[in-house]
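A.B. asks: Residue numbers (my numbering), protein chains in the order written: chain L, 1 to 332; chain Z, 1 to 332.
None of these hints come from the bench; they were simulated from the model.
Hints should not be assumed to be uniformly reliable.
Stated by the list, open to error - Partial chain Z-side listing against chain L, Cβ under 7 Å, derived:
(1) E210
(2) K234
(3) G238
Unchecked claim - Derived coverage of chain L by chain Z (criterion: at least 3 residues anywhere in the stretch with Cβ under 8 Å from a Cβ of chain Z; other residues may be distant):
(4) 84-90
(5) 118-128
(6) 228-239
Glycine included, each C-beta is placed from N, C-alpha and C at the ideal position.
2 protein chains.
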Amino acid sequence: MRIVLDAMGSDNYPAPDIEGAVLAAREWGDEIILVGRESDIRQELARYDTASLKLEIVHASEVIEMDDKPAWAAREKKNSSMHVGMGLVRAGEADGYVTAGNTGGVLAVATLHTLRRIRGVKRPVLVAILPMPAGRVVALDIGANADCRPEYLLQFALMGSIYARAVLDCAKPRVALLSNGEEPGKGNTLVKETYDLLADSDLNFIGNIEPKEAVTGHADVVVSDGFTGNVFIKTIEGTAKMLTGFIRDEIKASPLTAVGGLLAKPAFGRVARQVDPFEVGGGPLLGVNGVVIIGHGRSNGRAIRSAIGQARKAVQGGVVEAIRTGLAKEHK
Amino acid sequence: MRIVLDAMGSDNYPAPDIEGAVLAAREWGDEIILVGRESDIRQELARYDTASLKLEIVHASEVIEMDDKPAWAAREKKNSSMHVGMGLVRAGEADGYVTAGNTGGVLAVATLHTLRRIRGVKRPVLVAILPMPAGRVVALDIGANADCRPEYLLQFALMGSIYARAVLDCAKPRVALLSNGEEPGKGNTLVKETYDLLADSDLNFIGNIEPKEAVTGHADVVVSDGFTGNVFIKTIEGTAKMLTGFIRDEIKASPLTAVGGLLAKPAFGRVARQVDPFEVGGGPLLGVNGVVIIGHGRSNGRAIRSAIGQARKAVQGGVVEAIRTGLAKEHK
Numbered sequence: 001m002r003i004v005l006d007a008m009g010s011d012n013y014p015a016p017d018i019e020g021a022v023l024a025a026r027e028w029g030d031e032i033i034l035v036g037r038e039s040d041i042r043q044e045l046a047r048y049d050t051a052s053l054k055l056e057i058v059h060a061s062e063v064i065e066m067d068d069k070p071a072w073a074a075r076e077k078k079n080s081s082m083h084v085g086m087g088l089v090r091a092g093e094a095d096g097y098v099t100a101g102n103t104g105g106v107l108a109v110a111t112l113h114t115l116r117r118i119r120g121v122k123r124p125v126l127v128a129i130l131p132m133p134a135g136r137v138v139a140l141d142i143g144a145n146a147d148c149r150p151e152y153l154l155q156f157a158l159m160g161s162i163y164a165r166a167v168l169d170c171a172k173p174r175v176a177l178l179s180n181g182e183e184p185g186k187g188n189t190l191v192k193e194t195y196d197l198l199a200d201s202d203l204n205f206i207g208n209i210e211p212k213e214a215v216t217g218h219a220d221v222v223v224s225d226g227f228t229g230n231v232f233i234k235t236i237e238g239t240a241k242m243l244t245g246f247i248r249d250e251i252k253a254s255p256l257t258a259v260g261g262l263l264a265k266p267a268f269g270r271v272a273r274q275v276d277p278f279e280v281g282g283g284p285l286l287g288v289n290g291v292v293i294i295g296h297g298r299s300n301g302r303a304i305r306s307a308i309g310q311a312r313k314a315v316q317g318g319v320v321e322a323i324r325t326g327l328a329k330e331h332k
Numbered sequence: 001m002r003i004v005l006d007a008m009g010s011d012n013y014p015a016p017d018i019e020g021a022v023l024a025a026r027e028w029g030d031e032i033i034l035v036g037r038e039s040d041i042r043q044e045l046a047r048y049d050t051a052s053l054k055l056e057i058v059h060a061s062e063v064i065e066m067d068d069k070p071a072w073a074a075r076e077k078k079n080s081s082m083h084v085g086m087g088l089v090r091a092g093e094a095d096g097y098v099t100a101g102n103t104g105g106v107l108a109v110a111t112l113h114t115l116r117r118i119r120g121v122k123r124p125v126l127v128a129i130l131p132m133p134a135g136r137v138v139a140l141d142i143g144a145n146a147d148c149r150p151e152y153l154l155q156f157a158l159m160g161s162i163y164a165r166a167v168l169d170c171a172k173p174r175v176a177l178l179s180n181g182e183e184p185g186k187g188n189t190l191v192k193e194t195y196d197l198l199a200d201s202d203l204n205f206i207g208n209i210e211p212k213e214a215v216t217g218h219a220d221v222v223v224s225d226g227f228t229g230n231v232f233i234k235t236i237e238g239t240a241k242m243l244t245g246f247i248r249d250e251i252k253a254s255p256l257t258a259v260g261g262l263l264a265k266p267a268f269g270r271v272a273r274q275v276d277p278f279e280v281g282g283g284p285l286l287g288v289n290g291v292v293i294i295g296h297g298r299s300n301g302r303a304i305r306s307a308i309g310q311a312r313k314a315v316q317g318g319v320v321e322a323i324r325t326g327l328a329k330e331h332k
């Protein structure tokens, strides 16, 4: 397997990106193609013993930065590590692409300039793999399409199911529609119309789901428009961060509770590891002609390694081909 | 001041409701009118020493139950404690109404059968007062209107500002629009169109806000459509519950961390008290001709007392009159 890694992806590129590539190459032995400014990559790579690793470098002179406007950057920076990297996948010279870069940039470069949509896909979709205590949950769309139509959400559900089956070892993923109430008939117009489409589909649709059930693992695939999904995952992240910070501050506020906090530390550690997004590494962009995994800008080496792991599983699970087949069936 | 309390509101009515009324009457000395089945109320009241309290009973033969369909119940149960209770406010015989009952029922009885909309209000709106570590946040709409237009959200912002000023002692409330990104131009079509209306208004509009900033108190009033707002507050609740439960389980999982947990207990207690929704008690329904506070169905006596406290503040702050004036100005 050959995975392309965007060496100029993360907020602190190229150090975390290169570290992740080295970790992944050591762990799985796959070939990893580092794409970006060759001199920067070589300089960073020199810090590691890479003699036995299958690491290759492909030069790309430009970088799409975090604060670049996606559409502009995709159009103007044709020699970016995103264009070159996804171009390798498009050309069949690599099996998947991983980046911790500008999400809008990835979306624009993938859909408009390199991989392009799979035939029949109405809208590519961004996916988060949520590391919940009860198990991993596929949430989509988390931001690619702020305004959606019911037919888009039906396809998101199909693509999310395929991903859960291929990557999360979930034989018959339970698909639910994120809503403000469980009963059929709850939701806004989009949710109500999508409900009927999902109920008529071959998917394992279990109905509407409220956020509290979604975060406790009552469904494997949670479907929404990209605006709602983005608010949903950012509220989970924001609440978790706010609450754990508040608990930490209150524990430190008195000597006795501080001692208690020290003794309880292993428990907090277990919690943190279980819900650590860096253990997941990233989520896929689904609906384009190639495996694309997008990690968080704040990724460290461990997160990049995990994102490469996601890409490996998506390639091994034949996600892209399964989506092609699934959509072809849908349109028969 | 005379506050009407729906004695048949909470999931376990009338015990928590009556307890809350007694607590409130003792604390503030106001007159509280208990509305519901008279015999049930008298039986429950007999458990308390009420000699010095200004408690009155008004009989209502019917109850809108939690699983009643709101529109049907509002139409068919005309003698419900909601109809009778809000009727007293409508008739000027009481200053405000508090219930922990069926939210959809309150909405239907208030808007269609008793208090009705304030002239110029396009859509009444449900509000949550979020007890965040950094301070209380007014979030609206949290469920009255799943599908909205920009003009509705502009009015929500106005009503939320008035409420924050009157009840939360916030002189110049910072109003923000819940979105998937901070920059102007982020959001779905509704958010983008509302942004322009808010930017042109006299409100203290600070722009779009992402969930992580909304939960850490970067705005006093967080505006959204009722579908998104409902997902937002239920995700906060669900994540907090999931995470604290997970931490508790992991702390109990070994003897050493369990001891640490015991020592740290005062810190957890401080956190729980600060973010306790029962200390807030409930949120208002804004845009109707009267003060209406809706508490959680799971309310205990303390929560009902807090909800009555909210109603007192809303009456003292002249919220209804301020909304009338604010809307009249808007339409000049």
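A.B. asks: Does each hint hold? Answer for all of them.
C.D. replies: Tested hints:
1. E210: It holds, given that the least Cβ distance between E210 (chain Z) and chain L is near 6 Å, below 7 Å.
2. K234: holds, 4 Å
3. G238: This hint holds: G238 (chain Z) lies near chain L, its Cβ roughly 3 Å from the closest one there, short of 7 Å.
4. 84-90: It is violated, with 0 qualifying residues against the three required.
5. 118-128: violated (count 0)
6. 228-239: holds (count 10)
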